[in-house]
Amino acid sequence: MNKRCSLLLATGLAVLCAHGQWTQLPPDAAQDSARHMLRIEGRFLYNSNAVLNELPAHLLRGDDLDRELRQRSSDALAGRARAVFGYGYLGRVTWTGTRLQQGRSRWRPTISLALQEHAGARITPDLYDLVFFGNARFEGRTAALAPAAYEQVRYSTLGIGVVDHRTRSFARLELVQGASLTAVDVDWADLYTGVDGRVLRSAVLASYLNSDTAGSDWTRNNGLGAALSGRWESRIRAAARPAYFSVGVEDLGFVHWNANSVGLEKDTVVRFDGVAVDNVLDLDAILIGEEQLLDTLGLRYRTGARTRILPFRAHVSYRIDGRSGWRFGLEAQYQHLPSYLPQLTASLARRVGGRGAWGASVSYGGYGGVLVGAGGRYRVGRRFTVEASLPQLIGFAGGRTRGLGALLAVQVAL
Amino acid sequence: MRKNHLPGSLGIVLLLTLLLSGCRKDDRASRWDVDVLAPLVTGRFTIRDLVADSLLVVDADGSVRLVYESNLFDVGLDTLFAAPDTEFVYSYALPFPGPINFPAGLQLLDIADNSRFDLDGVELRRLDLREGLLRIRTRNMVQSALLGRFELGGATFPEGGNTLNTSAGPGTPQAPTVTTFTRDLSGTRLDLRGPLFNSFNTLSSLISTQLDPAGSGATITDQDSIIITVDYIGLVPQYAKGSFGRRVVEQQGQDLPLDLFRNIVDGTLDLEQVRLSLNIENGVGMDLQLDLQRFTAVNSRSGTTVDLTHAILDGPINLNRAIDLGTGPQPSYYSNELDQDDSNIDTFLEVLPDRIDYDVVLRINPLGDISNGNDFLYYESRLKADLELEVPLRLTANALTLETLVQPDLPGSAEGHALQSGELTVLGTNGFPFDARLELALVDTTGAVLSSIPVSGSLQAGILGPDRTVVQARNSEARATVSPEQLDLLYQGRQLRLRAIFNTVDQVEHVRLLEHYALDVRITARANYLVNGDE
Numbered sequence: 001m002n003k004r005c006s007l008l009l010a011t012g013l014a015v016l017c018a019h020g021q022w023t024q025l026p027p028d029a030a031q032d033s034a035r036h037m038l039r040i041e042g043r044f045l046y047n048s049n050a051v052l053n054e055l056p057a058h059l060l061r062g063d064d065l066d067r068e069l070r071q072r073s074s075d076a077l078a079g080r081a082r083a084v085f086g087y088g089y090l091g092r093v094t095w096t097g098t099r100l101q102q103g104r105s106r107w108r109p110t111i112s113l114a115l116q117e118h119a120g121a122r123i124t125p126d127l128y129d130l131v132f133f134g135n136a137r138f139e140g141r142t143a144a145l146a147p148a149a150y151e152q153v154r155y156s157t158l159g160i161g162v163v164d165h166r167t168r169s170f171a172r173l174e175l176v177q178g179a180s181l182t183a184v185d186v187d188w189a190d191l192y193t194g195v196d197g198r199v200l201r202s203a204v205l206a207s208y209l210n211s212d213t214a215g216s217d218w219t220r221n222n223g224l225g226a227a228l229s230g231r232w233e234s235r236i237r238a239a240a241r242p243a244y245f246s247v248g249v250e251d252l253g254f255v256h257w258n259a260n261s262v263g264l265e266k267d268t269v270v271r272f273d274g275v276a277v278d279n280v281l282d283l284d285a286i287l288i289g290e291e292q293l294l295d296t297l298g299l300r301y302r303t304g305a306r307t308r309i310l311p312f313r314a315h316v317s318y319r320i321d322g323r324s325g326w327r328f329g330l331e332a333q334y335q336h337l338p339s340y341l342p343q344l345t346a347s348l349a350r351r352v353g354g355r356g357a358w359g360a361s362v363s364y365g366g367y368g369g370v371l372v373g374a375g376g377r378y379r380v381g382r383r384f385t386v387e388a389s390l391p392q393l394i395g396f397a398g399g400r401t402r403g404l405g406a407l408l409a410v411q412v413a414l
Numbered sequence: 001m002r003k004n005h006l007p008g009s010l011g012i013v014l015l016l017t018l019l020l021s022g023c024r025k026d027d028r029a030s031r032w033d034v035d036v037l038a039p040l041v042t043g044r045f046t047i048r049d050l051v052a053d054s055l056l057v058v059d060a061d062g063s064v065r066l067v068y069e070s071n072l073f074d075v076g077l078d079t080l081f082a083a084p085d086t087e088f089v090y091s092y093a094l095p096f097p098g099p100i101n102f103p104a105g106l107q108l109l110d111i112a113d114n115s116r117f118d119l120d121g122v123e124l125r126r127l128d129l130r131e132g133l134l135r136i137r138t139r140n141m142v143q144s145a146l147l148g149r150f151e152l153g154g155a156t157f158p159e160g161g162n163t164l165n166t167s168a169g170p171g172t173p174q175a176p177t178v179t180t181f182t183r184d185l186s187g188t189r190l191d192l193r194g195p196l197f198n199s200f201n202t203l204s205s206l207i208s209t210q211l212d213p214a215g216s217g218a219t220i221t222d223q224d225s226i227i228i229t230v231d232y233i234g235l236v237p238q239y240a241k242g243s244f245g246r247r248v249v250e251q252q253g254q255d256l257p258l259d260l261f262r263n264i265v266d267g268t269l270d271l272e273q274v275r276l277s278l279n280i281e282n283g284v285g286m287d288l289q290l291d292l293q294r295f296t297a298v299n300s301r302s303g304t305t306v307d308l309t310h311a312i313l314d315g316p317i318n319l320n321r322a323i324d325l326g327t328g329p330q331p332s333y334y335s336n337e338l339d340q341d342d343s344n345i346d347t348f349l350e351v352l353p354d355r356i357d358y359d360v361v362l363r364i365n366p367l368g369d370i371s372n373g374n375d376f377l378y379y380e381s382r383l384k385a386d387l388e389l390e391v392p393l394r395l396t397a398n399a400l401t402l403e404t405l406v407q408p409d410l411p412g413s414a415e416g417h418a419l420q421s422g423e424l425t426v427l428g429t430n431g432f433p434f435d436a437r438l439e440l441a442l443v444d445t446t447g448a449v450l451s452s453i454p455v456s457g458s459l460q461a462g463i464l465g466p467d468r469t470v471v472q473a474r475n476s477e478a479r480a481t482v483s484p485e486q487l488d489l490l491y492q493g494r495q496l497r498l499r500a501i502f503n504t505v506d507q508v509e510h511v512r513l514l515e516h517y518a519l520d521v522r523i524t525a526r527a528n529y530l531v532n533g534d535e
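Those sequence lines, one after another, are chains R and Y. Note that the first sequence covers residues 1 to 414 in the numbering used here. Note that the second sequence covers residues 1 to 535 in the numbering used here.
Check each hint, because a few of them may be wrong.
Rough simulated footprint, nothing fancy, chain Y against chain R, three-plus residues with beta-carbon under 8 Å [as the list claims (entries may be wrong)]:
(1) 64-74
(2) 123-137
(3) 238-249
(4) 253-263
Covered by chain R, according to a simulated footprint, are these stretches of chain Y (three or more residues, beta-carbon under 8 Å) [unchecked claim]:
(5) 235-247
(6) 521-533
Everything labelled a hint here was simulated from the structure, so no lab data went into it. Backbone N, C-alpha and C define an ideal beta-carbon position, used for all residues, glycine too.
Let the hints inform the model, and build the full structure from the sequences given.
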């Protein structure tokens, strides 16, 4: 996790992503015409429909979680059928070369290297309370723990492809190295806690999958795969003002996780009255070790290779270039993660002089509610451009808000 | 044991807890406390958990008797008789300077000897050997090979015969030749009455040596000699007959460990009936007299002692000799039974002894050799005394306290542990006619109490019917609250002392314990647990 956190800081450089909840800014034609371009970009986003930012912030920092803090998110969850949350971060370096066929073609070669992690979860309020407060508060009743799901994928990609220098449409074939995967899918689960803890009773229908548990850092090669990324944009000629329609996909592919991956499927109804002992005076038997616990929980995994689709992102967008450098954009995005709702983002942006641009966005969907963001870009000289975007400005107002993210990038024209 | 599984939902919760606590700074993960409520242990406590199955006898009406057998002493062959290793030496040397030329085949040595074994007051006429070795070592300084003949007049080897032939190579005074011959005497029968059959411990033998007839003779001076050493080693009798003498074997300060009450540390027990049998078997062909001088119950924990009083301790016990069947002994037996009417055996036992101290004197042939040398002993002969204690479990118990010490293998360490505090609830369905009160304490290695864990409630006795047996079990519960400080002590390696204090529901009349009585116990925990607290 330290590396994850370090990466977040190191990728404090981000480039404006052309899709998603990030503010869409007008292109900088002066720089786009450079023969070679190098972009270093990074982004991260956390969002939830219920869990307040202070909870993941404390988890990220390793701070202790006091009861009041946990209770605030519990209160926010009360009355909801479910809570969803997710996060993702990405660092990418992209090189774009000169136009092919000695400058006569519209296509430019591109190579891109990216490290990224995406995660999403859906839990019930009872599951939240069970995790953060224990089962004692469910004494004499049943906690509903499903439906619930969690998926986290960490991987790196090396892609090669071509970019249309006019529309910025592109196609890129990615080689994927899988670092880690965790996937939990709970179709059905409940837990009854008897009065005084006399009995625990549960019904479970769930599956669990994890990549090689020997390690999960970026240097680990726990799986290999392939993916396709691309974007296609077309101008709508019938419109009064220049209008464009685009569709795109990122990391549409798979990883074949190696044979050291572990999996578990449970479809069972169980009752636990305590460990049966031959002699109740022999209290040494009360506390059991980790190995016994694994046996008792039935958590002995089966190992074997598995293939799983990546958490790809897809988007459809529409934009209109208005007068005086104004641009209006509308976009719908989907990410292949548990309970991710399609997210709609509306952006309004404007050029500022010949070097800059700024804009604002409003998003709804994904893992949270409404996000209000802003972004800007400024070119220093002919070669360097710095861009930034914050998709949830309210998230910086304090821990008792929901959603937080940032995009930072440096682009160099060579 | 019944197979149990914790609900899989807990696995999901554990998993999500780990996932959610995955973000951390440095090496520290976020921590938060949760209140966990779960059953820990379920079990059934019966009389068989208190007393080993092998000690219990169940009568037809379900009543239970405790029958405990133990060996008081067992005197065997090694105490009654021992044949020491014995050595005899024979030699030859020229009585004048010489030299003299001796022809081949000349007999140099011809000794008829009656070897006498020193057997410490025992006068044996016959000895059959189970084990033993005869070793003949010849040291030859004569320049000719020697041929020896060793005839044991009173012996019969298992294959028949009684003669051994040996040989030794030529030697010189400067470089003697030493030759060793060994014969296994297992199964050999020795007649120790001597050549005239009127003695004891005496074995007649004839030792002769001649120069090798096939050699060329030898020139001998007074410097040349022949030394023959005969050793009887490791003799173990299979059968011995004779007079074993009049002897006294004293066994003072003997102790007999008694583990019947090892878990009981306090309280009193009143038994309605106790019977103790002393059974002695004499497999020795000698008249014996056993004097049981002291028989004391000792409770080491309380320091309490009670001397047994009974006629058996007032005078000696005469034991008839066994009968020699030719193939083995037919033992004689002695038995005496003590009970609460003719002794204080009930008081003796009610001190809950962990050992019995006793002094015993054994007199062999107290009236002398009245068998006229016909005492006998087989290898299998034993003089042994067994105790058989029988206690019908009809009793009253007053604060009878069972104790067990536990050092649980807790997750985490003294520096960091997830368990913060908790409450143990003991839910009982008690079918015994006892109330059971629990005491929990943390103790150091010397047993000193460092902290007492308060316990509220008790497990109440079952309901007695008109026949004073339990007709209905009763549900009740006890709760023990463990503070964070007490958990810290437990993590520092202190032991948890559990005491269960029993009181019969009726302190006046004895109550009967039936085999089917049981206490069903379920222990649950309500613990405050710190997630990531073990790190």
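Hint by hint, here is what the structure shows:
no.	hint	in the structure
1	64-74	holds (count 5)
2	123-137	holds (count 10)
3	238-249	violated (count 0)
4	253-263	violated (count 0)
5	235-247	violated (count 0)
6	521-533	holds (count 7)
Checked against the numbered hints given earlier, this structure breaks hints 3, 4, 5; the rest are met.
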